[in-house]
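Line by line, the protein sequences give chains G and X.
If you use this note's numbering, the first sequence corresponds to residues 8 to 153, in order.
If you use this note's numbering, the second sequence corresponds to residues 8 to 153, in order.
Zero decoy hints are in this set.
Dumping the calculated DSSO-like pairs for lysine-lysine here, alpha-carbon to alpha-carbon at most 30 Å: (1) Lys75/G / Lys92/G; (2) Lys147/G / Lys75/X; (3) Lys92/X / Lys75/X; (4) Lys147/G / Lys92/X; (5) Lys75/G / Lys147/X; (6) Lys92/G / Lys147/X.
In short, the hints are calculated from the structure, not lab data.
Note that this is a predicted model, so its numbers are computed, not measured.
Now for the letters of each chain:
2 protein chains.
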Amino acid sequence: MRRTRFDDWDCPIARVTDLMGDWWTPLVLRECFYGRRRYDEFVEALGIPRPVLSARLARLVDEGLLEKQQYEEHPPRWEYRLTDKGRASWDVLAAMWRYGMDWQWTDDDLPLALVDRETGAEVVPVVVDEATGERLDVRKVRLTLR
Amino acid sequence: MRRTRFDDWDCPIARVTDLMGDWWTPLVLRECFYGRRRYDEFVEALGIPRPVLSARLARLVDEGLLEKQQYEEHPPRWEYRLTDKGRASWDVLAAMWRYGMDWQWTDDDLPLALVDRETGAEVVPVVVDEATGERLDVRKVRLTLR
Numbered sequence: 008m009r010r011t012r013f014d015d016w017d018c019p020i021a022r023v024t025d026l027m028g029d030w031w032t033p034l035v036l037r038e039c040f041y042g043r044r045r046y047d048e049f050v051e052a053l054g055i056p057r058p059v060l061s062a063r064l065a066r067l068v069d070e071g072l073l074e075k076q077q078y079e080e081h082p083p084r085w086e087y088r089l090t091d092k093g094r095a096s097w098d099v100l101a102a103m104w105r106y107g108m109d110w111q112w113t114d115d116d117l118p119l120a121l122v123d124r125e126t127g128a129e130v131v132p133v134v135v136d137e138a139t140g141e142r143l144d145v146r147k148v149r150l151t152l153r
Numbered sequence: 008m009r010r011t012r013f014d015d016w017d018c019p020i021a022r023v024t025d026l027m028g029d030w031w032t033p034l035v036l037r038e039c040f041y042g043r044r045r046y047d048e049f050v051e052a053l054g055i056p057r058p059v060l061s062a063r064l065a066r067l068v069d070e071g072l073l074e075k076q077q078y079e080e081h082p083p084r085w086e087y088r089l090t091d092k093g094r095a096s097w098d099v100l101a102a103m104w105r106y107g108m109d110w111q112w113t114d115d116d117l118p119l120a121l122v123d124r125e126t127g128a129e130v131v132p133v134v135v136d137e138a139t140g141e142r143l144d145v146r147k148v149r150l151t152l153r
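Please take these sequences and the hints and turn them into a complete structure.
In structure tokens:
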């Protein structure tokens, strides 16, 4: 049975679910953000099965989040670089980071931190309303037609 | 083949991928945020296959994002209400909303908007660094051990 696609739904959440919701995809992107570019680097960092990695990378290239560039001719080898569209998807992962920090650890034992490369200060992502700078409260929001 | 679980990885992104990364789950949560609580409401709103919906709701209850409450005794019927943990996951969907707005529509034809219930002003989610209020740039962030 072919699974339902959401890429033509009139809802940004649905389309991004379709784009980033394949199993493993957020972790492949995570590795891109941490600087990995080469096939074997992804395999080594994630322990991801090769057929799955190939499918995920191909889709991310198709969707314009990654660009495939040849870095060796004999044998032919490619690396995968983030495009602007790919880099922007960091926001989604950053929101996941924050939610995981707050809700998927029972105490302060999260071993990792995001820090600013220059200042070393911890970076803690938060989702706010662009107009007010305040955190979102879903109870105060409703959906409307434009 | 059992798919790889990420729920014990030492990374918030991995754990949230595991939690919210089942196909359909972000859309089930979306419907919760829009006020749906009853099984048949989810089916009608999403066209989701019933066995899939049952599995997704059960997992969200297990993970503490939803609470199951009986609203009818004969026949027994339950509704699903967001907990604080469930409500907080809106941030992840809001980041997806923003990314979809920016990158999955080719022009300004997105038919929907999020608005503030009281003021009617459009709510545009953005992910920022909590300390500075500035948008994240993944190139300026690195990962470190605490």
